[in-house]
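Line by line, the protein sequences give chains A and B.
The first sequence: position 195 = 195 (the working numbering), numbered continuously.
The second sequence: position 47 = 372 (the working numbering), numbered continuously.
No lab work stands behind these hints: they were computed from the structure.
It is possible that some hints are incorrect.
Claimed, not checked - Output of the computed footprint for chain B on chain A, the stretches with three or more beta carbons under 8 Å from beta carbons of chain B: (1) 72-78; (2) 229-242.
Claimed, not checked - Straight line, CA to CA, 20 Å or less: simulated EDC-like cross-link-like pairs of lysine to aspartate or glutamate: (3) Lys411(B) - Asp104(A); (4) Lys445(B) - Asp67(A); (5) Lys469(B) - Asp64(A); (6) Lys302(A) - Asp257(A); (7) Lys411(B) - Asp67(A); (8) Lys35(A) - Asp488(B); (9) Lys241(A) - Asp470(B); (10) Lys405(B) - Asp104(A).
Note that the Cβ used here is the ideal one computed from N, Cα and C, for glycine as well.
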Amino acid sequence: MRTLTKAGLFSTIVTIICALFSTASIATSHSWQFKGIAQSYYQSFDQSLSRESTFNLGIYWFADYLDNVSLSFGYNYTFVDMSPNIEVDEHILHLGGKYSWFSDTLSGKFSLALDGYGGKYTTTTVTSSGGGGMGGMGGSSRITSSESTDISVLHPQVSFINYAKTYYFDIGYAYSEYDSGDLYDIEAHQITPTLGFGWNNAYDWLQLRGYFINLNQQTQLLEEDDFASAELKYIHWFVVKSPPYFHNLQLTLLAGDRVLAVDPDAKAVYSVSDKQTGSVSVAGQWALTQSLKFMFLVGYDKYENDLLADEYDSLLFYANFQNQW
Amino acid sequence: MVNAMSIKNIAVFMITLLTLSANTVLAEIDPWAESYRLESIYQYDAALKALDVAANKGHNNELLSLRRGWLHYLTGNHSKAIEHYKKAISENGQSLEARLGMTLPLMAQQRWREAMLEAKKVLEVAPWNYYAHVRLMTCEYALKDWTSLEKHAQQVAARFPTDTTVLVYLARARHHLGNADGAVAVYQKVLQLSPDHFEAGQYVARNIP
Numbered sequence: 001m002r003t004l005t006k007a008g009l010f011s012t013i014v015t016i017i018c019a020l021f022s023t024a025s026i027a028t029s030h031s032w033q034f035k036g037i038a039q040s041y042y043q044s045f046d047q048s049l050s051r052e053s054t055f056n057l058g059i060y061w062f063a064d065y066l067d068n069v070s071l072s073f074g075y076n077y078t079f080v081d082m083s084p085n086i087e088v089d090e091h092i093l094h095l096g097g098k099y100s101w102f103s104d105t106l107s108g109k110f111s112l113a114l115d116g117y118g119g120k121y122t123t124t125t126v127t128s129s130g131g132g133g134m135g136g137m138g139g140s141s142r143i144t145s146s147e148s149t150d151i152s153v154l155h156p157q158v159s160f161i162n163y164a165k166t167y168y169f170d171i172g173y174a175y176s177e178y179d180s181g182d183l184y185d186i187e188a189h190q191i192t193p194t195l196g197f198g199w200n201n202a203y204d205w206l207q208l209r210g211y212f213i214n215l216n217q218q219t220q221l222l223e224e225d226d227f228a229s230a231e232l233k234y235i236h237w238f239v240v241k242s243p244p245y246f247h248n249l250q251l252t253l254l255a256g257d258r259v260l261a262v263d264p265d266a267k268a269v270y271s272v273s274d275k276q277t278g279s280v281s282v283a284g285q286w287a288l289t290q291s292l293k294f295m296f297l298v299g300y301d302k303y304e305n306d307l308l309a310d311e312y313d314s315l316l317f318y319a320n321f322q323n324q325w
Numbered sequence: 326m327v328n329a330m331s332i333k334n335i336a337v338f339m340i341t342l343l344t345l346s347a348n349t350v351l352a353e354i355d356p357w358a359e360s361y362r363l364e365s366i367y368q369y370d371a372a373l374k375a376l377d378v379a380a381n382k383g384h385n386n387e388l389l390s391l392r393r394g395w396l397h398y399l400t401g402n403h404s405k406a407i408e409h410y411k412k413a414i415s416e417n418g419q420s421l422e423a424r425l426g427m428t429l430p431l432m433a434q435q436r437w438r439e440a441m442l443e444a445k446k447v448l449e450v451a452p453w454n455y456y457a458h459v460r461l462m463t464c465e466y467a468l469k470d471w472t473s474l475e476k477h478a479q480q481v482a483a484r485f486p487t488d489t490t491v492l493v494y495l496a497r498a499r500h501h502l503g504n505a506d507g508a509v510a511v512y513q514k515v516l517q518l519s520p521d522h523f524e525a526g527q528y529v530a531r532n533i534p
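Given the sequences, and given the hints that come with them, work out the whole structure.
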């Protein structure tokens, strides 16, 4: 059944990508610029009592109108293989918009962005009942039960970058709601102040972002309701050459606790993860042609599950292709 | 007593005459000439203010918009400059000058794609307009679009072979595309045209053993 679902999903994604790409190919206006990203990641968990692996497929579509307006659309499918006999399927849609205006007083660009995410994850549990038998009236039976959680997230953000691209500031607020009917209704409030610094003619970039997350209630999985973490990101862009060439290198460190986080840069909602307690990742991006880029990321993450007293880590392999028209 | 009264009357008459003359002179100052004079001594705000007199007299709105756009650009008030250039375009949709003028504050605000759009609109009408090409090349350079810049600069250099600005863009594009020999060849041409050219001299010295 799942094989069919995955096949159907894959063809849906391919259809959407083809439709979006053909839209771009017929776009002749100089005013619009399009970017499409197809991504996938695989995360394998080590020494976890509850998780085996996570698999993701996603697409993003960005449409920029001149230098002022940017629109984005995204779809992500995530499958979590949990042990024993628990699976999580998640579908999330993303819609976003950004408007920029230009200040002569501060010599820089202000942007107001609003991102929305909506979707659902379903946790399916398969249990066996009864003992061994010989068929007929006896034997075991498999019982499948599932619970769904509706996800809705609203994330406004104000940012400023100076024209010289030597400093950047943003502040974002995310309101997330996880509604599972009678089981629970969790609200998460996230504030993300960010500072960025550029140097070496904007070939180097250092960014520090704080994640301050508050949940409206404690849950069985989380014994606390306030979480704080800091993310440090360094990006170096290499001098542009004739493709193919190594385009940029990115290092990211996360320290502190983070749960139900909304990542403003990745336009991702970390809704099906346990509490993240640390992370390090390195990513490289290659320019394959003038418009096509390939990114590969390897990450090591640490997690905790308070209910199961489960502390574990994971290896993440992420790849994406992005094309610009 | 009579003499004293006469002197006083003469003095009052002279002051009145001088005041009237001064007012007449002031009233006769051409606001455009005054605006250009103030610009030449870098008093851009005053140069803008001088134009208010012309506006009050109902002078040509298109020229006022162009002039105000330019002066706002010089003061660094780029948003206002764009506003006035847009007004000039709305007053005369055929004006290439207004579109070229608008590229300047757009580039100052790093709105490269908008500036490119305006330059391309000029090139649709005037395919070899020098300023439109140079501003387009500036945008391509800022956006690090080296492939487009190389192709573009090569085409423009063929039409303006002694222009060092265009040649430098061509050389830079070749350098970024990893074609150091091609860049050296162009920089050598720049040195023929401008023997003291610093960038060309440095590049050639570094890249020729």
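Against the structure, the hints:
no.	hint	result
1	72-78	violated (count 0)
2	229-242	holds (count 4)
3	Lys411(B) - Asp104(A)	holds (17 Å)
4	Lys445(B) - Asp67(A)	holds (16 Å)
5	Lys469(B) - Asp64(A)	holds (18 Å)
6	Lys302(A) - Asp257(A)	holds (10 Å)
7	Lys411(B) - Asp67(A)	holds (17 Å)
8	Lys35(A) - Asp488(B)	violated (36 Å)
9	Lys241(A) - Asp470(B)	holds (10 Å)
10	Lys405(B) - Asp104(A)	holds (9 Å)
In terms of the numbered hints stated before, the structure departs from hints 1, 8, listed from lowest to highest.
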